[in-house]
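Undergrad: One-letter residues, chain by chain:
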Amino acid sequence: MIARHSRDQMARHVARDIPEGAYVNLGIGMPTLVANHIPPEREIVLQSENGLLGMGPAPAAGLEDYDLINAGKQPVTALPGASFFHHADSFAMMRGGHLDICVLGAFQVAVNGDLANWHTGAPEAIPAVGGAMDLASGAKEVYVMMEHLTKQGKSKIVERCTYPLTGLGCVTRVYTDLATIHIRPEGLFAGDLSKGLTLEELERISGVRIGALGP
Amino acid sequence: MINKVVESAVQALADVPDGATILIGGFGSAGLPTHLTDALIVRGARELTIVNNNAGNGEHGLAALMKAGCVRKIVCSFPRQADSWVFDELWRAGKIELELVPQGNLAERIRAAGAGIAAFFTATGYGTELARGKETRRIGGRDYVLEYPIHGDYALVAAETGDRWGNLSYRMTARNFGPIMCMAARIAVAQVHEIVELGGIHPEHVVTPGIFVKRLVHVERVRYKPTAARGEEQ
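Protein chains in written order, with my numbering: chain Y, 1 to 215; chain W, 1 to 234.
Beta-carbon label-pair distances, calculated as ranges:
1) W:E59 - Y:G96: 36 to 44 Å
2) Y:Q74 - W:R221: 15 to 23 Å
3) W:I211 - Y:K151: 50 to 58 Å
Hints are computed from structural coordinates only; laboratory data are not their basis. Where a beta carbon is used, it is the ideal one built from N, C-alpha and C, also for glycine.
Given the sequences, and given the hints that come with them, work out the whole structure.
TA: As structure tokens, this is what we get:
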């Protein structure tokens, strides 16, 4: 029996790997959980694409101000030391290579680091890309946080993405409910295996070659 | 005497012609100049091309403009949202054209228009569907896509404070596209919550210098409340 990592456990794995002093963009959805697990003694600066550096947590009920929101358009706060800036400056932080880490959700990640997370390609689906392509091509490190399998039980880590791409060869790490997988030029390497899961089983489920992450 | 302050939002937009390209500030509802978008509905110009990050929320602001049948095409990065049903229905019915642009390209293309840049190469979108058919070039071992500026006939932005020269300051994340859109349009119109005497905005705190702004209008602050999604999860 495999005990999958909870979303909070996945968020803890990501938070553990973000070093002191990093400038970080957390994508909407699951990645926003990472902020809850950063140790209070570690100083990390969160960027919100809509023009805020030094983003703080949600305000107390009743103190929401809709001129101060995050990328998901939810009210947030600005920490002491925060700054506001316009959209071209905000995206220059990504595109100019100033942002250390972004954490994104994904539909698929390929063994070569290709990322697909903006569009299923279905003709009925209205496409929306937002800042995903800028983050994918601009951040120094692109981490993905996602369920390992689709609802139909297919691996989202794939040999080649079948969904439309967001960025080429950009993902360096994938945090899933089964494991944390490092993508390196020489191959994939897994750690943080969920309880009861062997590396062989993870490889079989994923359908791709995965080695053990060294200590 | 220079005085860019006009009496009303309707007056500020009285000369908008059919078919104009209009840059509209705002990210979701923050910085969305709803008094100006409402005035544009009153003006009744049709066949507009709208440039905004999103494609409207609920039934106010940009969504109301689309619902009124004024918009032929929208250029944006993130149309689909829980409360974007006005756009969704128009798009599914084939009544509105969509140009989907990665958000950083949207911002930089607008900035480029304001800065007189004819085109630029960017890594964003390389190898993806959104760069299909576009010119590419390898520079310094990395692949880039050629992108062109987005000029506006008009820009409608929401700022916090303005003066009669058109100097503007903004409020928190409502700044978003305002400064670059003012630069990129032939006629930039700002709605502001406060108009002060010259010097009332400290020169160090002017975010948009008046040279980029043609008209401004004082409006009352409206406290925004999010709309609930129609039968969908938020």
